[in-house]
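The listed protein sequences derive, respectively, from chains A and B.
Last residue of the first sequence: number 382 in our numbering, and the count goes up by one each step with no gaps.
Last residue of the second sequence: number 455 in our numbering, and the count goes up by one each step with no gaps.
Since the hints were made in silico from the structure, they are not lab data.
In silico DMTMM-like cross-links for lysine to aspartate or glutamate, where the CA-CA straight-line distance does not exceed 20 Å:
#, chain 1, residue 1, chain 2, residue 2
1, A, K194, B, E358
2, A, K370, A, E360
3, B, K379, B, E410
4, A, K194, B, D256
5, A, K328, B, E428
6, A, K334, B, D429
7, B, K299, A, D245
8, B, K402, A, E360
9, A, K206, B, E259
10, A, K328, A, D340
11, A, K220, A, D119
12, A, K246, B, D258
Calculated Cβ distances over 12 Å to all of chain B for the following chain A residues:
#, residue
13, T21
14, W49
15, L51
16, R162
17, K257
18, E287
19, L339
20, G346
If you want the ones that stay clear, here's a sample from chain B, every Cβ over 10 Å from chain A, calculated:
#, residue
21, S275
22, E277
23, L320
24, S335
25, A407
26, E410
Backbone N, C-alpha and C fix where the C-beta goes; we use that ideal spot for every residue, glycine too.
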Amino acid sequence: MTDAAARTNERNQIFRDLFSGKTPKRVPISNPATQDFAIQHAGLDLAECQWDLTKLEPVYDKFCQDFYTDTYPGGSIRIPSHYQILGSTPIVMSSSGFMQHPDVVGMLAEEYDQFIASPYDCIVETILPRLYTGFNGEPGKVAMTLAKAMRAQSDDLAHLGAIRAKMNAKYGFAGMIGALTEAPFDFMADFLRSFKGISGDVRRYPDKVAAACEAVLPLMIKKGTLPNPSMLGYTFIPLHMAPYLRDKDFATLYWPTFKKLVETLASMGQNVQLFVEQDWMRYLDYLYELPENTIMRFEYGDAKVIKEKLGQKHIISGLYPVTLLQTGTKQQCVDKAKELLDILAPGGRYWWQADKSIIHLEASGPVVENLKAVLDYVHENGTY
Amino acid sequence: MIDLQALTQAVGDLDENTILTMINDFIETNPSGEDAQKVVFACQQGMAIVGELFEKNEYYVGDLIFAGELLSKTIDLLKPVLSSVATQKFGSIVIGTVEGDLHDIGKNIFGSMAEAAGFDVYDLGIDVSPSAFVEKVKEVKPQIVGMSGVLTLAIDSMKNTVNALNEAGLRESVKIIIGGNPVNEDACKQIGADAFTTNAAEGLKTCQGWVK
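Assemble the whole structure, with the sequences as input and the hints as a guide.
Set out below in structure tokens:
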């Protein structure tokens, strides 16, 4: 067996232990920097590299070499090609080359009943043509656009997959797979009604919002299902709207279908990783109700309180503030990592990740050196 | 005559039906511009209640967004009546989401609250370059510049914008407030802003303090 294969086996075992509630031999680490960061770290043009993926192999090689991580640092990637072909409005590239999600309206308030009656039909017939200009026009033209976009996406994914396989073979990362889905309420907000739209809807027609979340739940479960639940990996669910809701709206509109989603995925034998975005401290008692070993990567919160309330049942991650890497000294950055290790590692169920992804790199700034120092520190000192 | 206290309370409660009924009934009475201004003032006081409930964690961001929507609906209804009188403004603010960032929800909440509080708000939109901020500041000479962003890269764009204002000799003429997920005290110092906030209501108070 090669060294890299042995490292993969070792890392796979660490994550198998972690995800099943056993204490692994050390705290595993995922580099919070993403492909966007990696391109800038290689000194290349962000927009250009996302259009010409052949440039990415040396980018990833340098990225994997320079920063310690146990998982492949690909991050979630929005490839521009198929979005551009489809005339996407919900995912677009900004002037700086970053793919982003502006606040868009895919469904009008008066379309709730149509959506509730048949979410899939409503998405295909009404919502997609509104969100993607490429779905407007003659059927033949739409069919060609769809075919082109899917071909572009599958070519790009194949290319990225080949790079990933090479890096895994060279660096021996854990072999994890992932699926992505959203809490039904978040899906309604992010892609259908917009932040502004849903904020009015919860006051104007709460019953319809609740019914729509129920109606779309099966699609969200399907979207989050792994090809095979026994594979090492997880379903990633980035959480969004709960911190912006009143407690009672959360309890009646957000929580019920979200809980069903996580419970259903867990009952199929899958691990679920939540990105607990923004401030969920007032909802910790709810989170406690979720199935054992649900992975919760927190963006914000008091690590001690989180560990105390959830650390016996769930796997805690996140909380390391990436903005410190931009503003702090190396020592401050390492001290913060130590502080979190001391609180979160004892007793197990801790995975080192940061509070958010690092997408941007200012060449003259301290991020590269600080990030290296933190990742190395946790690698060398990450005992439970 | 419209019950101004009840209107203030309805705005504070975010009771859309009551607000719209009261405003429509009021407009049917053919009111004077001065009376309409009193109604606007009552709504502004209602927005102050919304801000207080937000600070007490009874309302959350979703409620602020809804409040902003209600208020702009109300002002739109009153505009024809208000056009006959000069409105008093407290100050002016240029706002925008900084270069490279497309997130505008926080900026929009702040903008609608500042407008409700009587500021002239010039909203440059999203992905705003430093030079666009500089040009607008030259043009409208605001007291305040508000920069917003959600991505960590926004910190660098904010710094670039402050540098650009400096180079144009405009930095001393304005107060600068930054807002959004990645801002904090360290970032504020590094950027060279005068204040930072992750809370639109609090940010508005800071701005009100500056123009007093």
